[in-house]
Amino acid sequence: GESVGLHLPTLSVQEGDNSIINCAYSNSASDYFIWYKQESGKGPQFIIDIRSNMDKRQGQRVTVLLNKTVKHLSLQIAATQPGDSAVYFCAVTGNQFYFGTGTSLTVIP
Amino acid sequence: DTAVSQTPKYLVTQMGNDKSIKCEQNLGHDTMYWYKQDSKKFLKIMFSYNNKELIINETVPNRFSPKSPDKAHLNLHINSLELGDSAVYFCASSRTIPITGGLNEKLFFGSGTQLSVL
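Chains as they are written, first to last, in the working numbering: chain A, 1 to 109; chain B, 1001 to 1118.
Just so you know, these hints were derived from the structure itself, not from any lab. All the given hints hold, so there is nothing to weed out.
From chain A, some residues computed to sit far from chain B (all C-beta separations above 12 Å): (1) V13; (2) E15; (3) I108.
No farther apart than 20 Å at their CA atoms in a straight line, the calculated lysine to any residue pairs in the SDA-like style are these: (4) B:K1041 x B:V1060; (5) B:K1036 x A:Q45; (6) B:K1041 x A:N22; (7) B:K1041 x A:D84; (8) B:K1036 x B:D1018; (9) A:K56 x B:L1103; (10) B:K1106 x A:V62; (11) A:K42 x B:K1040; (12) B:K1106 x A:G94; (13) A:K56 x A:S30; (14) A:K71 x B:N1104; (15) B:K1041 x B:Y1010; (16) A:K42 x B:S1039; (17) B:K1044 x B:N1062; (18) B:K1036 x A:P9; (19) B:K1106 x A:E39; (20) B:K1041 x A:V107; (21) A:K42 x B:I1045; (22) B:K1040 x A:T106; (23) B:K1009 x B:H1073; (24) B:K1040 x A:T101; (25) A:K42 x B:M1046; (26) B:K1036 x A:S40; (27) A:K42 x B:F1042; (28) B:K1041 x B:L1011; (29) B:K1022 x B:F1047; (30) A:K68 x A:N53; (31) B:K1036 x A:G41; (32) B:K1036 x B:V1012; (33) B:K1040 x B:Q1114; (34) B:K1106 x A:S30; (35) B:K1036 x A:E39; (36) B:K1041 x A:S85; (37) B:K1106 x A:L65; (38) A:K42 x B:N1026.
A virtual CB, placed ideally from N, CA and C, is assigned to each residue, including glycine.
With these hints in hand, go ahead and build the complete structure from the sequences.
Dropping the structure here:
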């Protein structure tokens, strides 16, 4: 099976700082990775994804880094804003979706 | 238009009652799911259907019975509700079944049903 873990269950950052959320996975055959954002009272929403043939992918203010050697991926949020406060999940796709435990990000104004 | 919609948003009920949660997706996806999210935000898959056929049935009490009348709908019926069933239940869909080495399948979630069993 697959286990997906996050290093920190909670993270507090100052508005304007950069945020880094980490995720570890166990199955070296995993080939597709997704980050989701879940705001309070809502379902998880897709933020950014990356395939295993890449090690970095950038979106608008977000970057995902993938290190297949150590089976680790991270989500970097630049210039964190109050609207970024949410729970962030990494998900790994094999023959189903495997979710990490989530990191709660709080942005301090 | 909401892509994945589930009702009700909130459900408060007594122990022992039977309740249903409905889910519909208008994305034309083949695969639908039910997830349970506990108080620590952990997302646990319960069921998955592909074209109305059950493909994933995790260790879930048989008091939970999913029903998929067509591929756009996946309803969840819960019998004899217990205190431990209190959680947020999410319906989700994906274009098709994720397969290692296949296309990049993504999950699209509904907004959740907060179930409180008293």
